[in-house]
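> The primary structure of each chain is shown beneath.
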Amino acid sequence: KAGVTQTPRYLIKTRGQQVTLSCSPISGHRSVSWYQQTPGQGLQFLFEYFSETQRNKGNFPGRFSGRQFSNSRSEMNVSTLELGDSALYLCASSLPDYVGRDTQYFGPGTRLTVL
Amino acid sequence: AQKVTQAQTEISVVEKEDVTLDCVYETRDTTYYLFWYKQPPSGELVFLIRRNSFDEQNEISGRYSWNFQKSTSSFNFTITASQVVDSAVYFCALSEAAGNTPLVFGKGTRLSVIA
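In order, the protein sequence lines correspond to chains A and B. If you read the first sequence in our numbering, its first letter stands for residue 1, the second for the next number, and so on. If you read the second sequence in our numbering, its first letter stands for residue 116, the second for the next number, and so on.
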């Protein structure tokens with residue numbers, strides 16, 4: 001079974017631009033979560049989507065947004081990029097779980113550099 | 116609020132030594148889930164183990180073992196006879212069952228195994 005895939009793997013943008021990152025979950029997984037990883041803040045939760053609905057959201061400004069499609073693929077968008085948005089963005093998928101928390105499997109990440 | 120503390124920022128060992136990575140967690144929930152992930156230089160977070168709060172049985176998988184102690188809120192990870200390929204950053208994470216809370220990660224422990 002193929003793992004979580006993320007595109008692109010590397011991205012260089014300049015301040016003020018916007019960027020869209022894509023994530024394809026493991027087949028059969030319906031929950032997709034996004035995390036930002038930086039040396040200073042570590043791994044921080046951005047948001048989670050389940051059945052095309054945002055189920056949870058972390059403490060990030062509105063410049064960070066996301067969506068999920070009917071095939072469970074997800075995209076996240078960052079508008080008006082700032083230097084501090086430079087990070088590794090990780091996507092994780094898990095099976096549907098209404099009671100507890102299923103295991104999240106991560107993709108290779110997209111490394112975003114903002115100049 | 117949930118919190119995960121990995122007090123060891125970096126550990127360096129010589130190949131074949133045993134090493135233990137510490138993880139201490141805080142949660143008010145009675146049902147929660149603990150995880151360990153490995154992040155090699157490639158960046159992808161690799162799932163290692165999941166432990167439910169109601170299951171305190173320790174686990175061994177090859178050279179890896181985990182010691183879960185609710186009394187001390189700890190979930191420590193031991194690598195026996197370490198190898199160079201074990202060099203990576205290891206993250207401990209916690210998720211509460213209530214409210215579909217996201218994974219909260221520790222800051223990670225960078226393990227360097229020297230040949």
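Don't read these hints as lab results, they were simulated from the structure. Wrong hints could be hidden among the right ones.
As the list claims (entries may be wrong) - Derived DSS-like pairs: lysine-lysine, alpha-carbon spacing no greater than 30 Å straight-line:
#, chain 1, residue 1, chain 2, residue 2
1, B, K153, A, K13
2, A, K13, B, K222
3, B, K153, B, K185
4, B, K118, B, K185
5, B, K153, B, K118
6, B, K185, A, K13
7, A, K13, A, K57
8, B, K118, A, K57
9, A, K57, B, K131
10, A, K13, B, K118
11, B, K118, B, K222
To be verified - Not close to chain B: a few residues of chain A, all C-beta gaps over 12 Å, as computed:
#, residue
12, Q17
13, V19
14, S27
15, G58
16, P61
No experiment lies behind these values; they were computed from the predicted model shown. All C-beta atoms in this analysis are idealised placements derived from N, C-alpha and C, irrespective of residue type, glycine included.
> All hints are to be evaluated individually against the structure, with a verdict given for each.
Hint check:
The straight-line distance between the Cα atoms of B/K153 and A/K13 is roughly 29 Å, inside the 30 Å bound, and the hint therefore holds. As the CA atoms of A/K13 and B/K222 are separated by approximately 27 Å, the hinted pair is consistent with the 30 Å bound. Distance restraint check for B/K153 and B/K185: the Cα-Cα separation of roughly 23 Å lies within the 30 Å cut-off, and the hinted pair is therefore satisfied. Between B/K118 and B/K185, the direct Cα distance comes to roughly 15 Å. Compliance with the 30 Å bound is thereby established for this hinted pair.
With a CA separation close to 19 Å, the supplied pair B/K153 and B/K118 stays within the 30 Å bound. A distance of roughly 46 Å separates the Cα atoms of B/K185 and A/K13; the hinted pair therefore is violated under the 30 Å criterion. Of the pairs offered as hints, the one joining A/K13 and A/K57 holds, with about 25 Å between alpha carbons and a cut-off of 30 Å not exceeded. With a C-alpha separation of about 17 Å, the suggested pairing of B/K118 with A/K57 holds against the 30 Å cut-off.
Note on A/K57 and B/K131: the hinted pairing is violated, with a Cα-Cα distance of about 43 Å set against a maximum of 30 Å. For a cut-off of 30 Å, the pair hint linking A/K13 to B/K118 is broken: about 33 Å separates their Cα positions. The suggested pairing of B/K118 with B/K222 holds, with an alpha-carbon distance near 10 Å, which does not exceed 30 Å. Every CB of chain B is more than 12 Å from the CB of A/Q17 (nearest about 23 Å), matching its label as outside the interface.
Distance check on A/V19: its Cβ is at least 18 Å (rounded) from any Cβ of chain B, clearing the 12 Å threshold; non-interface status holds. For A/S27, the condition that its CB be more than 12 Å from all CB atoms of chain B holds, with the nearest at approximately 17 Å. Not every Cβ of chain B is farther than 12 Å from the Cβ of A/G58; the closest lies at roughly 7 Å, contradicting the non-interface assignment. The beta carbon of A/P61 sits about 17 Å from the closest Cβ of chain B, which is more than 12 Å, so the claim that it is off the interface holds.
Violated hints, listed in ascending order, are 6, 9, 10 and 15; each of the other numbered hints is respected by the structure.
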